[in-house]
Amino acid sequence: LVSTYRGVEGQDLIVRCRTGDHRAWATVVGNHAGLVNGLLRGAYRLEPHDAEDAFQEVFTRLYLRLGDLREERALPGWIAQVTRNVALDLIRSRKRELVSDELDEGSFHEPEQRVLEAMSVRQALARLPEQQREMLDRFFVQDQSYRTIAAELSIPAGTVASRISRALVMLREDLREENPVLERHSLHE
Amino acid sequence: MSETLEDDERLIEALRLTGDPPQAWIDAAALIPVTLGDLASVERVVASEEFRSRFRESPESALADAGLPATSALVAALRAELR
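Just so you know, the protein sequences line up as chains V and S, in that order.
All residue numbers for the first sequence refer to this note's numbering, where the first residue is 1 and numbers rise by one.
All residue numbers for the second sequence refer to this note's numbering, where the first residue is 1 and numbers rise by one.
Just chain V, with the same shape it has in the complex (with noise of 0.2 Å):
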């Protein structure tokens, strides 16, 4: 399931959050609400309400969890895992309640690797310069207009307009030595 996507590395995160560290378990979700917010939406479709409630399931069976895990590179696939099984059971009692057919488990296939490649996407943008990355941000994951962007940064439009444009080429460089395989596959098939 994960093969394309690692992730965010962190030293002895897990060791931490098992220690009660607090702070590193925050680094954990933080580091992985976007795989597991990816899949719930994207791959699975859940509802917003269903979808956060999924959410709060994947991190708490993670917590139970901890003590099972022993490396940090382990998690992304762990967590995937967990998230379509949670997506699964809340479809299949969904699909219940609508005394509706069997549930095509293979039918998710395809949008899960498109979330999973996707990550790896992500991870790029997390490795661009502050001003980069919260313009890529800003524009497309928050759907802001480049009049909200350029009032919030007081800059002009114009400027937002080329720094947006100049983000994606880094993005798409950082894509192409970090991954060539990876970006070859991904971007030009």
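If you are wondering where the hints come from, they were derived from the structure by calculation, not from laboratory data.
Note that the structure is predicted; figures quoted are calculated from it, not measured.
Think of the CB as a built atom: it goes at the ideal place given N, C-alpha and C, for glycine as much as any other residue.
Treat the hints with care, as some may be off.
Here are the in silico distance ranges between beta carbons for each label pair [stated by the list, open to error]:
hint, chain 1, residue 1, chain 2, residue 2, range
1, V, A74, S, E6, 26 to 36 Å
2, V, E134, S, S53, 47 to 57 Å
3, S, E43, V, P156, 49 to 59 Å
4, S, S41, V, R176, 41 to 51 Å
5, S, R56, V, D68, 18 to 28 Å
6, V, T159, S, D27, 24 to 34 Å
7, S, A70, V, H49, 37 to 47 Å
8, S, E43, V, R166, 32 to 42 Å
9, S, L31, V, H49, 17 to 27 Å
Got chain V; can you put chain S on it based on the hints?
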């Protein structure tokens, strides 16, 4: 469509697909250790056969008696654990 434009559209789709959820969700998940208490204590409770038996009969009261909050996320997570 030029290759660059096509690439950009895929990048943009990827960014949108993996955006963070509302901050309130992240904040609530970050508070799980505070809400549930230290991990070793929770693990001891969950490992107890008496607790497991009581949880299967009445999740909410088993959790309350064990001093754990009967949140829907915890009930669902423990149901999955004990399945």
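To see whether the hints hold, each was checked on the structure:
1. With their beta carbons about 35 Å apart, A74/V and E6/S fall inside the hinted range of 26 to 36 Å.
2. Checked against the hint of 47 to 57 Å, the pair E134/V and S53/S passes, with Cβ atoms roughly 53 Å apart.
3. The given range of 49 to 59 Å is respected by E43/S and P156/V, whose C-beta atoms sit roughly 57 Å from each other.
4. At about 49 Å, the CB distance of S41/S to R176/V agrees with the hint of 41 to 51 Å.
5. Range check, R56/S to D68/V: Cβ separation about 22 Å, and the 18 to 28 Å hint holds.
6. For the hinted restraint 24 to 34 Å between T159/V and D27/S, the CB-CB distance of approximately 33 Å keeps it satisfied.
7. The hinted window of 37 to 47 Å between A70/S and H49/V is violated, with their beta carbons roughly 19 Å apart.
8. The supplied range of 32 to 42 Å is broken by E43/S and R166/V, whose beta-carbon atoms lie about 50 Å from each other.
9. With their beta carbons about 19 Å apart, L31/S and H49/V fall inside the hinted range of 17 to 27 Å.
Violation of the numbered hints given earlier is confined to hints 7, 8; the remaining hints are satisfied by the structure.
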